[in-house]
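Peer 1: As you go down the protein sequences, you meet chains A and B in turn. Using our numbering, read the first sequence as starting at 2 and increasing by one per residue. Using our numbering, read the second sequence as starting at 2 and increasing by one per residue.
In case anyone wonders, no lab produced these hints; they're calculated from the structure. For clarity, every value in this text was computed on a predicted model and none was experimentally measured. Every residue, glycine too, gets a C-beta built ideally from N, C-alpha and C. Heads up, none of these hints are tricks.
Label-pair distances were calculated between CB atoms; the ranges are: (1) A:Thr142 to B:Gly21: 20 to 28 Å; (2) A:Gln115 to B:Thr128: 17 to 25 Å; (3) B:Thr128 to A:Thr142: 21 to 29 Å.
What follows is the residue order along each chain.
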Amino acid sequence: MLVEQAAAMSALGAPRYSVLVRFGLEEPVRAWAGIGDLEIPADDVETEGGTFQGVGILGNVPALRQLIGGAAERLEFSLTVPSGEIFALADDEAASVRAAPVDVGVIFFDEDWQQSAVAWLWNGTADVPSVSRTANGLSVTRTVRISAGSAFTDRTRPQHTYFTNADQKRRSPTDDFCKRVDLYSVNSTVKFPN
Amino acid sequence: MTGGQSVGGIVRSTRLDGGGLWVIEQEFFVHSRAQVKAIRAIDAGLDGGSSEIVVRVYETPFMPTGADASTVPFSDDSTFSDGTEFASVPVGATLTASAALRATTLSLTMIVGALEGGERFSIDHATKGKRLYTISRVDGDDITIRPPLREAVASGTDLDFTQPGCVCRLSNPDDFLGALDLNKNLIATAVWIESF
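This is chain B alone, in the form it adopts within the complex (with noise of 0.2 Å):
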């Protein structure tokens, strides 16, 4: 929104949203059997843009340097018979103090990884699920953050940095699935909304 413009053309933005909302948009390759079986159930489960869905977003390579989604061994470094490792959950970061809603200033202690600003991650607030922010600036262990917290936050929740995703609902149902092919391929284009 703009305030109009002035009499020396200049014109002056304002914004009336208070902070924005996510709008993600995502187009799969779908192509076998089960893939295709599995998108029309999404499809029918999301009710035509009317059922909540938490929308994954793909950050790996934007993770915090030195972060990585990983496996571990058991602590004496023996692995698993066939030889596979656990598969690490690294969250990222916690938080060292609480936050109030709305807040765009956080303090936290990194698990794993340094930040630099501009990676993304995911709070699973109480009520409002899963929502994404991104950092702007980083301050020692304070960072900034966009949007404002959807929902106030305690001391020690997670940041998750490796899965992030955020609560929304399909905005474009008409054109979620585009046609199938003969080889059982077809195209789905996303537009995900953030959800209240």
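Chain A on its own, in the form it takes in the complex (with noise of 0.2 Å):
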């Protein structure tokens, strides 16, 4: 589908398009780069339908990457904070965002600024949610960050092994290969817990 849409609105020479953005919490929370109001009838990702908010709640949208053979991405999306709503998010609800479905659409306008459906291009899961506030001289800007990791990002850290000979002896127990490297203690740091 989205094949066909882009190349339409391709062929109109300057396309209209945009990105939206939907946090399914308890009260999902809908954003998207334009300006105003946009009402998105019910689909597979927005089952419900919903209006997404328009201007000043979505700070920046990362850029997406497939993942091939590469490392898993995280993704960190800014929403300004015109009203208390997101605010909460990060402080009365930040239980509820972690985990939570984040997906990632674009959606394609026709020259009358009439819309098409929603390609959701990528989906993932919220992390802890954090709260940072800005001020440049006289003017504050509050902004919540929404770490999201797709279904390939994780957060253990990769499992420390050691060339030691109590592990190697663990390995194969007759093996001495390992004996003398209790005595090697220069340039090396044993990491702990780990």
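Please assemble the complex out of the two chains, which come individually in their own frames, going by the hints.
Peer 2: Shown next as structure tokens:
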């Protein structure tokens, strides 16, 4: 579907499209990169249909990449805060944000700004939100950042293995290959806890 | 926003904002005790750009042809005892069909005057307040407008061509009021930005 839409819009010369982000919380947070409200009918992702809020809500949408034999990505969405609602996200409802589904889609408009169906491009899982406040002269901007990972992202760290004599003896009781490792202390730091 | 330059050097532009928003720049020459006090009161009420205000735009010369904000007498052509008439409030047009949020085509019937395109009008929305629109095309009783409708409207809604305005916030609170000179004159420069 996306391919046909993109081709049709591309034929217009100056394509018009925008980006939507949906955080599937109990009370979903819907934002898009345009201005004003945008009504989206129910579809596979936006199961109830809803109004996406425009201007000033969505700070930026990070670049999306498809995972092809690379490191799993983690995206950070920033929502500037004109209202208490989104602020409450990071404060009162911080626990509910964790593991909430995050969807990013693109929507195309025709030359009369009439929308087509949303093509949802990316989905992931929200992680902990954080709040920041930057003051620049007299103006203060409050931003809520929500980090999201794809299905391939997790929080584990790689398991460390050490070539110590004890480790090696556990694997092969008669192998003395690492016998003298204990004596090696220059340029060696053992991370603890593992 | 552009999609980047192609090898041939042609830049293709892309719009991501979904129709744009109003930015209104106005300059007022304020020149009496009453006016200075009024503009100060407005400035205080704007709370440094955090309060909303309906900003009127001067559209009188561009109203639909034949419409004007004139006065009307009583139905028997009599006037008030001092010779004045009612100040008429010509709305301009009413919608003949409801329109959805973000619609850009409206069907209307003109009360007075004829449309040519390029006129500006406002609609007083139920929750979004007064919003400003420009007519880009006229096709019989249908008009095409920009920006897309901020809120759904019902059939019979008035389109106000005579005193259009838009709910805005002040975006330059630091530079709004100029210095007051010895003759109690000052120049107020306002940059309004449509509020949501």
